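Asks: Spelled out from the first residue to the last, the chains are:
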Amino acid sequence: EPEVTQTPSHQVTQMGQEVILRCVPISNHLYFYWYRQILGQKVEFLVSFYNNEISEKSEIFDDQFSVERPDGSNFTLKIRSTKLEDSAMYFCASSDDRGTDTQYFGPGTRLTVL
Amino acid sequence: QKEVEQDPGPLSVPEGAIVSLNCTYSNSAFQYFMWYRQYSRKGPELLMYTYSSGNKEDGRFTAQVDKSSKYISLFIRDSQPSDSATYLCAMTRGGSYIPTFGRGTSLIVHP
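Chains R and E supply the protein sequences, listed in that same order.
Here the first sequence stands for residues 2 to 115, where the numbers follow our numbering.
Here the second sequence stands for residues 623 to 733, where the numbers follow our numbering.
If you are wondering where the hints come from, they were derived from the structure by calculation, not from laboratory data.
This structure is a prediction, so every number in the text was calculated from the model and none was measured.
Some hints could be false.
Partial chain E-side listing against chain R, Cβ under 10 angstroms, derived [said to hold, decoys possible]:
1. Lys-689
2. Leu-710
3. Thr-722
4. Gly-724
5. Gly-726
Not close to chain E: a few residues of chain R, all C-beta gaps over 10 angstroms, as computed [claimed, not checked]:
6. Met-16
7. Glu-19
8. Gln-65
Below, a list of computed lysine-lysine pairs in the DSS-like style, where the Cα atoms sit at most 27 angstroms apart [claimed, not checked]:
9. Lys-624(E) with Lys-689(E)
10. Lys-79(R) with Lys-58(R)
11. Lys-84(R) with Lys-58(R)
12. Lys-624(E) with Lys-84(R)
13. Lys-79(R) with Lys-664(E)
14. Lys-58(R) with Lys-624(E)
15. Lys-624(E) with Lys-664(E)
16. Lys-678(E) with Lys-58(R)
17. Lys-678(E) with Lys-664(E)
18. Lys-678(E) with Lys-624(E)
19. Lys-624(E) with Lys-692(E)
20. Lys-84(R) with Lys-664(E)
Think of the CB as a built atom: it goes at the ideal place given N, C-alpha and C, for glycine as much as any other residue.
Bound-form chain R, shown alone:
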């Protein structure tokens, strides 16, 4: 069964450093999303991406964040200058339609900012 994959599974970085989280969505999907989940808190939407541009973003997704689809398979989330409060699980999701009933989540990347 096709699945969303994410790398790395765990990323440790120093405060102020840039990190890039990578995702490979399901191959025929057109819509891509990033969510985060701070430990013990709810899953929060960050950004959605369609047709090589951001279609929606939340208040969390400020200028420190950017997304890119550099080739036909990868979808990346970059955090330019990490802060302690960026420590969280980051989930990528993809869907083949704009319906919530078809969003498939990856296993997540645990980001630890020291």
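Take the given structure of chain R and dock chain E to it, following the hints.
Replies: This is chain E only, laid out in the frame that chain R set:
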């Protein structure tokens, strides 16, 4: 008041029990309701999706929505140890595809 409220648990039940998981919400604009299951160190997995008040059944799972009370439930019949996970409710506004999640309820089904 938070938009979506969900008791984090943990909820511990014996194998075979009927489990009831619940969420309340405050925003009448929510029209689509989902339940996700999340195993430890995994991403959320969609279990059920519904948009109308009433019940929707899928195997051992039943999703119930009461829009008048702003209350949704997920029932699990004949619970199994493999059902042990965190269950997230989520909902979207009409015209939006971005879900607002509850905090999740941790369920433990012991043999």
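Asks: Next step is simple, just say for each hint if it's right about the structure.
Replies: Cross-check of the supplied hints:
Because the smallest distance between the Cβ of Lys-689(E) and any Cβ of chain R comes to about 17 angstroms, over 10 angstroms, the interface hint for this residue is violated. For Leu-710(E), the suggested interface contact is upheld, since its CB lies about 7 angstroms from the closest CB of chain R, less than 10 angstroms. Hint on Thr-722(E) holds. Least Cβ distance to chain R is approximately 8 angstroms, under the 10 angstroms limit. Interface hint at Gly-724(E): satisfied, since its Cβ lies 6 angstroms from the closest Cβ of chain R, which is below the 10 angstroms cut-off.
Satisfaction of the interface hint for Gly-726(E) is found here, the shortest Cβ-Cβ separation to chain R being roughly 7 angstroms, below the 10 angstroms cut-off. Its beta-carbon lying about 24 angstroms from the closest one in chain E, Met-16(R) satisfies the requirement of being farther than 10 angstroms from that chain. At roughly 24 angstroms, the least C-beta separation between Glu-19(R) and chain E is larger than 10 angstroms, which holds for a residue marked as non-interface. Under the 10 angstroms C-beta cut-off, the non-interface status given to Gln-65(R) relative to chain E holds; the minimum distance is some 20 angstroms.
With a C-alpha separation of about 17 angstroms, the suggested pairing of Lys-624(E) with Lys-689(E) holds against the 27 angstroms cut-off. Between Lys-79(R) and Lys-58(R), the direct Cα distance comes to roughly 14 angstroms. Compliance with the 27 angstroms bound is thereby established for this hinted pair. With a CA separation close to 19 angstroms, the supplied pair Lys-84(R) and Lys-58(R) stays within the 27 angstroms bound. Pair hint Lys-624(E) plus Lys-84(R) holds up; C-alpha atoms about 26 angstroms apart against a cutoff of 27 angstroms.
Pair hint Lys-79(R) plus Lys-664(E) holds up; C-alpha atoms about 21 angstroms apart against a cutoff of 27 angstroms. With a C-alpha separation of about 20 angstroms, the suggested pair Lys-58(R) and Lys-624(E) falls inside the 27 angstroms cut-off, and the hint holds. Of the pairs offered as hints, the one joining Lys-624(E) and Lys-664(E) holds, with about 25 angstroms between alpha carbons and a cut-off of 27 angstroms not exceeded. For the suggested pair Lys-678(E) and Lys-58(R), the alpha carbons sit about 31 angstroms apart, so the restraint of at most 27 angstroms is broken.
A C-alpha spacing of about 26 angstroms is found between Lys-678(E) and Lys-664(E), which places the hinted pair at or below 27 angstroms, so the restraint holds. Of the pairs offered as hints, the one joining Lys-678(E) and Lys-624(E) holds, with about 26 angstroms between alpha carbons and a cut-off of 27 angstroms not exceeded. About 13 angstroms separates the Cα atoms of Lys-624(E) and Lys-692(E), which keeps this hinted pair within 27 angstroms; it holds. Between Lys-84(R) and Lys-664(E), the direct Cα distance comes to roughly 24 angstroms. Compliance with the 27 angstroms bound is thereby established for this hinted pair.
Checked against the numbered hints above, the structure violates hints 1 and 16; every other hint is satisfied.
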